[in-house]
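Peer 1: Place chain B on chain A using the hints.
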Amino acid sequence: MSTLAGMLPIDWMMAIILFWLLLGLAGLLSHNPRFIVQIVFPLGAVAALALALAALAGTAQTQVATAPLGLPNLPFHLRLDALSAFFLLLLGAASVGISVFSSGYFRAMPVSKLGLLCLEYHVFLASMATVLLADDAYLFMLAWETMALSSYFLVTTDHEQPEVRQAGFLYLLMAHVGALAILMSFGVMLGAHGDDSFAAMRHVHLTSTSASVAMLLALVGFGAKAGVLPLHAWLPEAHPAAPSPVSALMSGIMLKTAVYGLLRISFDLLGVPQWWWGVLLLTLGLITALFGVIFAAVQVDMKRLLAYSSIENIGIILIGIGLAIIFHTSGKGALAALALTAALYHALNHAFMKGLLFLGTGSVLHATGERHLGRLGGLIHGMPRLALLMLVGVLALAGLPPLNGFVSEWLTLQAFLLSPGLPQPYLNMLVPVAAAALALAAALAGFVMVKFYGVVFLGRSRALAAVPPHDAGAREQLGMAYLALGCVLLGTLPTFVVLGIDPVAAELVGHSLAGNVRSTGWLLLTPMRAERASYGPLVLLLVIGTGVLFTAWMVRRFYHGRLRIAPAWDCGFPEQNARMQDTAEGFGQPIRQIFEWFMGVVKHMPSPFDVTPTFHSSVHDRLWDLCYVPVQRASEMLSAQIGRLQQGRIHVYLLYSFVTLLVLLAFVQ
Amino acid sequence: MKITDLLFQLVQNTVLLVAAPLLPGWISQCRAWLQNRNGAGVLQPYRMLLKLFHKDAVLADQASVLFRVMPYVLFSCMWLAVALVPVLVTGLPLAPAVDVIGLVGIFALARMFISLAAMDVGTAFGSMGARREMLVGFLAEPALLMVLFTASTISHSTSLTTIVETLAQQHFVLYPSMTFAAVAFVMVLLAENARIPVDNPATHLELTMIHEAMILEYSARHLALVEWAGALKMLAYMTLGIALFVPYGIAAPGDWSALPLAVVLLVLKLALAGAGLALIETLSAKMRIFRVPEFMGTAFLFAVLGLLTHFLLEAA
Numbered sequence: 006m007s008t009l010a011g012m013l014p015i016d017w018m019m020a021i022i023l024f025w026l027l028l029g030l031a032g033l034l035s036h037n038p039r040f041i042v043q044i045v046f047p048l049g050a051v052a053a054l055a056l057a058l059a060a061l062a063g064t065a066q067t068q069v070a071t072a073p074l075g076l077p078n079l080p081f082h083l084r085l086d087a088l089s090a091f092f093l094l095l096l097g098a099a100s101v102g103i104s105v106f107s108s109g110y111f112r113a114m115p116v117s118k119l120g121l122l123c124l125e126y127h128v129f130l131a132s133m134a135t136v137l138l139a140d141d142a143y144l145f146m147l148a149w150e151t152m153a154l155s156s157y158f159l160v161t162t163d164h165e166q167p168e169v170r171q172a173g174f175l176y177l178l179m180a181h182v183g184a185l186a187i188l189m190s191f192g193v194m195l196g197a198h199g200d201d202s203f204a205a206m207r208h209v210h211l212t213s214t215s216a217s218v219a220m221l222l223a224l225v226g227f228g229a230k231a232g233v234l235p236l237h238a239w240l241p242e243a244h245p246a247a248p249s250p251v252s253a254l255m256s257g258i259m260l261k262t263a264v265y266g267l268l269r270i271s272f273d274l275l276g277v278p279q280w281w282w283g284v285l286l287l288t289l290g291l292i293t294a295l296f297g298v299i300f301a302a303v304q305v306d307m308k309r310l311l312a313y314s315s316i317e318n319i320g321i322i323l324i325g326i327g328l329a330i331i332f333h334t335s336g337k338g339a340l341a342a343l344a345l346t347a348a349l350y351h352a353l354n355h356a357f358m359k360g361l362l363f364l365g366t367g368s369v370l371h372a373t374g375e376r377h378l379g380r381l382g383g384l385i386h387g388m389p390r391l392a393l394l395m396l397v398g399v400l401a402l403a404g405l406p407p408l409n410g411f412v413s414e415w416l417t418l419q420a421f422l423l424s425p426g427l428p429q430p431y432l433n434m435l436v437p438v439a440a441a442a443l444a445l446a447a448a449l450a451g452f453v454m455v456k457f458y459g460v461v462f463l464g465r466s467r468a469l470a471a472v473p474p475h476d477a478g479a480r481e482q483l484g485m486a487y488l489a490l491g492c493v494l495l496g497t498l499p500t501f502v503v504l505g506i507d508p509v510a511a512e513l514v515g516h517s518l519a520g521n522v523r524s525t526g527w528l529l530l531t532p533m534r535a536e537r538a539s540y541g542p543l544v545l546l547l548v549i550g551t552g553v554l555f556t557a558w559m560v561r562r563f564y565h566g567r568l569r570i571a572p573a574w575d576c577g578f579p580e581q582n583a584r585m586q587d588t589a590e591g592f593g594q595p596i597r598q599i600f601e602w603f604m605g606v607v608k609h610m611p612s613p614f615d616v617t618p619t620f621h622s623s624v625h626d627r628l629w630d631l632c633y634v635p636v637q638r639a640s641e642m643l644s645a646q647i648g649r650l651q652q653g654r655i656h657v658y659l660l661y662s663f664v665t666l667l668v669l670l671a672f673v674q
Numbered sequence: 108m109k110i111t112d113l114l115f116q117l118v119q120n121t122v123l124l125v126a127a128p129l130l131p132g133w134i135s136q137c138r139a140w141l142q143n144r145n146g147a148g149v150l151q152p153y154r155m156l157l158k159l160f161h162k163d164a165v166l167a168d169q170a171s172v173l174f175r176v177m178p179y180v181l182f183s184c185m186w187l188a189v190a191l192v193p194v195l196v197t198g199l200p201l202a203p204a205v206d207v208i209g210l211v212g213i214f215a216l217a218r219m220f221i222s223l224a225a226m227d228v229g230t231a232f233g234s235m236g237a238r239r240e241m242l243v244g245f246l247a248e249p250a251l252l253m254v255l256f257t258a259s260t261i262s263h264s265t266s267l268t269t270i271v272e273t274l275a276q277q278h279f280v281l282y283p284s285m286t287f288a289a290v291a292f293v294m295v296l297l298a299e300n301a302r303i304p305v306d307n308p309a310t311h312l313e314l315t316m317i318h319e320a321m322i323l324e325y326s327a328r329h330l331a332l333v334e335w336a337g338a339l340k341m342l343a344y345m346t347l348g349i350a351l352f353v354p355y356g357i358a359a360p361g362d363w364s365a366l367p368l369a370v371v372l373l374v375l376k377l378a379l380a381g382a383g384l385a386l387i388e389t390l391s392a393k394m395r396i397f398r399v400p401e402f403m404g405t406a407f408l409f410a411v412l413g414l415l416t417h418f419l420l421e422a423a
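Order-wise, the sequence lines are chains A and B.
For my numbering, add 5 to where a residue sits in the first sequence, where the first one is 1.
For my numbering, add 107 to where a residue sits in the second sequence, where the first one is 1.
Don't read these hints as lab results, they were simulated from the structure.
Fair warning: this is a prediction, and the values are worked out from it, not measured in the lab.
Cβ coordinates follow ideal geometry from the N, Cα and C atoms, glycine included.
Calculated from the model, a selection of chain A residues having no Cβ within reach of chain B, i.e. all distances over 12 Å:
#, residue
1, 51
2, 70
3, 151
4, 153
5, 218
6, 284
7, 339
8, 475
9, 604
10, 606
11, 607
12, 609
13, 632
Computed footprint of chain A on chain B; a stretch qualifies when at least three of its residues, placed anywhere within it, have a C-beta under 8 Å from a C-beta of chain A:
#, region
14, 152-165
15, 207-213
16, 323-337
Excised from the complex, chain A in its bound form:
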């Protein structure tokens, strides 16, 4: 299956990247909006599907290619191995649904914007694929920056609004700080001889100090892209600003390219990681996960809520990677493979479920024009299909069986529980206890999801005059249904997914779970031994499904199905209106109260004698004051100082040049 029509999977992928670029150009040059939404975006989805298939075919062996582009004597190297194939599969499979959705979602957009958006969208997809295929630092950075820029322009699609421009600027800033750190990390890894291909970097033997420096720089760079604490600040700003399919792409896929980069550098380019990197990643992951979910619980904007939830999920992925490094460096290969599988599985799951939820918020936004949770409610009555699809996403994101979010959390917890036997005694003891923090984050995710779904879809409409008259469009529904189906399949057929991830684990940590997993057949997932732990979601789904049908039938058979419709009882209170339900703030109040010390809560309480009392309370991120404001002040001060150099007179500048020359001459000798 390695060749199809004489082309290797990697050739197909290069062709698909080219095709995406051409599609983008076609969209830009065409002035026909119907052509763009009905032809270009669906073709983009087809290309994404082809990419996913090529990635599936490409896991078998490593392939390399050289593209005769780029600078003279500096051709682009491309390489397809199990790791990049997995992430390309994620990219292709998730973006199929998002592109199908986009072809319905953007149909009402003015044509002047639509052409540009089409170009940026497809360049974004192509650049993400290129990042995953790049095999030298030059191409990687080129694609990485293209990805950052194209997504910046996508975020600022609605640039007429000042807050969108502001959010876009913050994103661009963070993206560039991150890119600089990655560039420096590559600089450290280049070693003395300066060959920028990854193949050469693999053979450079770094001292443990410089390897750690490279790793820390990479962590800063990729962490800024992924939203690892404290570099998360752009996510809750940029996601609400961006159009929903763009948020879905960024949260579902782009954050994973950062995960890819981290894995590529720590396991592949730097060779053998060091154990304290694992502890660092594990700690950062736990803090990020808890932080993200606690802040998600108190949000009142549905896209900000999802953005914080993305931070949480990146934390969970990081936990898996951290565990994998700890186990790998302690010589526990099978456990490392388990933890890594859990992390990758979660990355794949998150692409599907977060993509689905962000798309859903887009449909809600289209139908109601409202993003604020306090003005939504009761959408299940007007948009029943959307509500059903979103329910799947919500249950998956809450990590509930039998959907996909549960499987990856289950695998992560298994990795935690198996940790005893590590050489460091403290680590040995603290790692299982760290599972408590993960359990807390997972349980809080349930709270967040009930709040999100309950406030948006259930109850009565809070501020809108009537329930929206129409459900999401057919193509929007199709795109979301695809992603929802993905959530169900990833959740109920975990053995196939784990076997699919296995080559990656084998490549990075040199151990395979395939033997364990195959030993009990496809119905039960047994990552280790069968007595140790097993999980059969299909059985669970079947039993619960049968239980529901059987109970309903029995009740109907032996009693009756009589039903009367009446106003809600609510303990007999006669006056009931929509404002008596919990608002988003109200629902998040317990979390705000418990974690008040953790977040900055600004409250305004009216005095008891106030005749028109108003209560106001808002939550803000303390890390912003702690980490960002000082940096901002310092940079402002520094630029003010540097501003003194700028005199605006030509002879002063000539003097500067002269002094610089003199200083440089001193070095030349």
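Peer 2: Chain B only, in chain A's frame:
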């Protein structure tokens, strides 16, 4: 998987399903005795279920499909939970499908559905109940997981079958870790089953209610299923506690001769546990809702302490 095992699982589930309402009946009877009342007898829950099933259901006009589907989902989730816990025999056919983490997941699934259904009608009490239920839930779930992890690290497995077999074969020793875990488990059990001091199962029309606030809009057959599911949940938690902390007397797979003793022991243990619960409920007062996070935080810390104790004292 043998056909007898499958058959036994089916029979056991049906018997437990039918017998589950006896448990809340027994608890309220014990409470009545402790409070110098005569009580309505242990069969009272059956009379109530029968009455509810015969009534016409009243549905709020704001209710969506979710509201009508929830009782069935809740009921079958709890039924599955009861089926998963080894009560008489270990190694039943359903056991490999779901381990302890999965069991916690099933409880979470049920909690999510009941909370969503409570928010569905859009009443003040419903959403308040949902919020409080999720508050209790997110604090209780990690505590329960930590309790189960303590048992898992002792038996090197998260499969309930292996956990129970390992613990049951030991001599009667007091694991310090399991003692901490047991305290935490009882606290979780009280909170998760809406008992005093976290919630009051006998209250209506009170601003302090949690579980009752959520199911306020349910009537007739829907309410009957919710109540029955509550009984099943109580049974699942009690049998889980028995399996973790006093599994002695449980029959090994295929050992049918030990079955009668196992049945007698199970009934005795359940009766004792129910009486103990009634005693706790009689002796304590319901606490303010703001104190619940402290209570649950204590449970969580006890559970974590149990796990730590295991590594400090017992890891060999």
